[in-house]
Amino acid sequence: MALHLNLLHEEISEHRQRQRDPLKIGMIALGIFGALMFGYYMWNAYQTLEIKGRLTAAQHDWEKVEPEVVAAQKRADELNGIIGTTKVLDGMIDTRFYWAPFLETLARCVAPNAQLTSLDGLVLDDNKGISITVEGVAAGREPRAAAEELRQLLLEQIGQDHKDVKVEFKTLEDLDTIANLGGANMAMARYVLNVAFNPFPAAKPDASAAPRPPKEKPE
Amino acid sequence: MKLTKDQLQKLILSGIGFVVLVYVYSTFFLGPLNKSRDSMLATIKDLQTKIGASKNEMHNATTLEGQATAATNRFAALKALSPEGAPIAWFPPRIKTFFAKQNIEKSSTRLDNSSAFKQSELSAWIKNTWQIDLPQADFETLGKAVAQLESTEPLLSITRLNIKTAAEDPQFQQAALSASTIMVKR
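Residue numbers (my numbering), protein chains in the order written: chain A, 1 to 219; chain B, 220 to 405.
One chain only, chain A, in its complex shape (with noise of 0.2 Å):
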């Protein structure tokens, strides 16, 4: 067997000890990483701007859109302001209370041996109801019985049409006057009545914004 003699051991080994340094191992794994991330980064780069560019097309289309959209909702806020208004305006128109109604209803009640000489009729405040005074004069051989006869009419006659009706006596008393009615001589009464009803529903109904033709009323 021959023998092999080694004489360039310590350049070996050297070299091997090169090759093996952990700090040219580390830059060439350094370099490595550093390649894959700049690939990764250029692939985000890209991604982004394909993104920027979905981007600019959505503000191209926000920017034709949005002076419509804007005309739009002002109109709507528009719409609706008048919509809200002529809903109360509505409301309120439904919920006067009409006098003339009221007066042929009067008018009515009063027998030809009573005469009203006043009325003061007042609306009372939030719609609570409607509070009249009448003053008058009635004629008979029971001038009381005909002031009478007249607020039991009136209480009647004005129930049929409102709720919570109340008419009494506010003063009733004998006159020294006497009055010549067909030719007979009577004794006079005079009287003061105090009306009250509340001719306003309980609660109000919801008005539509459809318009209503104004109510008709009984001359």
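Since the hints were made in silico from the structure, they are not lab data.
Here the structure is a predicted model, which is why all the values come from computation and not from measurement.
Please note that a few of the clues may not be correct.
Per the computed footprint, the stretches of chain B lying under chain A, defined by three or more beta-carbons under 8 Å from a beta-carbon of chain A, are [claimed, not checked]: (1) 305-313; (2) 351-365; (3) 377-386.
Here are some of the chain A residues that sit facing chain B, going by a computed Cβ distance under 10 Å [said to hold, decoys possible]: (4) 61; (5) 73; (6) 76; (7) 92.
From the derived model, a few chain A residues whose C-beta atoms are all more than 12 Å from chain B [as the list claims (entries may be wrong)]: (8) 4; (9) 7; (10) 22; (11) 47; (12) 54; (13) 141; (14) 148; (15) 151; (16) 155; (17) 164; (18) 177; (19) 181; (20) 182.
Heads up, the beta-carbon is just placed ideally off N, CA and C, and yes, glycines get one too.
Using the hints, position chain B against chain A.
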């Protein structure tokens, strides 16, 4: 394999270099890029939502326009009841003419007070209270005139009515009306 001191130092140096590289990469390159991308995606989403909602809004506005035709006409009609100019200038003559047509020749109207409405819907409207005096009217004519007034003036509401016999001429009555009107602010 046993590492020499020199090799260990080099290994640690390589490790530090790796950490620095990762830090610089994520902080100054990938981080801002991702942040910008996320921000753009959020903006796109926001814009798309806005565009989608705007289509609905425009559709709603068109539908509302159709539905509000009646209200718009009604509103215009109510608004037309208030002519241009100060109410004190045109309302009393209008009432005088009205009662003259109803055969009540004598009438006078004066403004009692003006106030704003509490309702926000009526911010452009004003409430005026008028005192209308009719010194000579017979009951039947007055009743008819009141009925006509209440029919033709939907924004007028009589809040107080006082009728009494005229002392000098018992066949006539003296009437005083308090009427509140709703008018457009001019």
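Verification of the hints:
With a cut-off of 8 Å between beta carbons, the region 305-313 of chain B has 0 residues touching chain A; three or more are needed, and the interface restraint is violated. Under a criterion of three residues with beta carbons nearer than 8 Å to beta carbons of chain A, the stated coverage of the region 351-365 of chain B is upheld, 6 such residues being counted. Check result for the region 377-386 of chain B against chain A: holds, 8 residues qualifying (beta carbon to beta carbon below 8 Å, three or more required). Using the Cβ-Cβ criterion of 10 Å, the hint placing residue 61(A) at the interface with chain B is satisfied: the shortest such distance is roughly 6 Å.
Interface restraint check for residue 73(A): the shortest CB-CB distance to chain B comes to about 6 Å, inside 10 Å, so the restraint holds. Interface hint at residue 76(A): satisfied, since its Cβ lies 4 Å from the closest Cβ of chain B, which is below the 10 Å cut-off. Because the closest C-beta pair between residue 92(A) and chain B is about 7 Å apart, less than 10 Å, the hint holds. With a closest Cβ-Cβ approach of about 26 Å to chain B, residue 4(A) is found to remain outside the 12 Å limit, as its non-interface label requires.
In this structure residue 7(A) is separated from chain B by more than 12 Å, as the shortest Cβ-Cβ distance comes to about 25 Å. Residue 22(A), annotated as away from the interface, has a beta carbon of chain B within 12 Å; the closest lies near 4 Å. Non-interface call for residue 47(A) relative to chain B: violated, since the shortest CB-CB distance, roughly 7 Å, does not exceed 12 Å. Once the 12 Å rule is applied to beta carbons, residue 54(A) is inconsistent with being away from chain B; the minimum gap is 6 Å.
Distance to chain B confirms residue 141(A) as a non-interface residue, since its nearest Cβ pair spans about 24 Å, more than 12 Å. No Cβ of chain B comes within 12 Å of the Cβ of residue 148(A); the nearest lies about 22 Å off, and the non-interface call holds. Every Cβ of chain B is farther than 12 Å from the Cβ of residue 151(A); the closest lies at roughly 19 Å, confirming the non-interface assignment. Residue-level check passed: residue 155(A) sits 20 Å from the nearest beta carbon of chain B, beyond 12 Å.
The beta carbon of residue 164(A) is kept farther than 12 Å from every beta carbon of chain B, the shortest such distance being approximately 19 Å. The Cβ of residue 177(A) sits about 14 Å from the closest Cβ of chain B, beyond the 12 Å cut-off, so the non-interface label holds. Residue-level check passed: residue 181(A) sits 16 Å from the nearest beta carbon of chain B, beyond 12 Å. The beta carbon of residue 182(A) sits about 19 Å from the closest Cβ of chain B, which is more than 12 Å, so the claim that it is off the interface holds.
Violated hints for the displayed structure, listed by number in ascending order: 1, 10, 11, 12.
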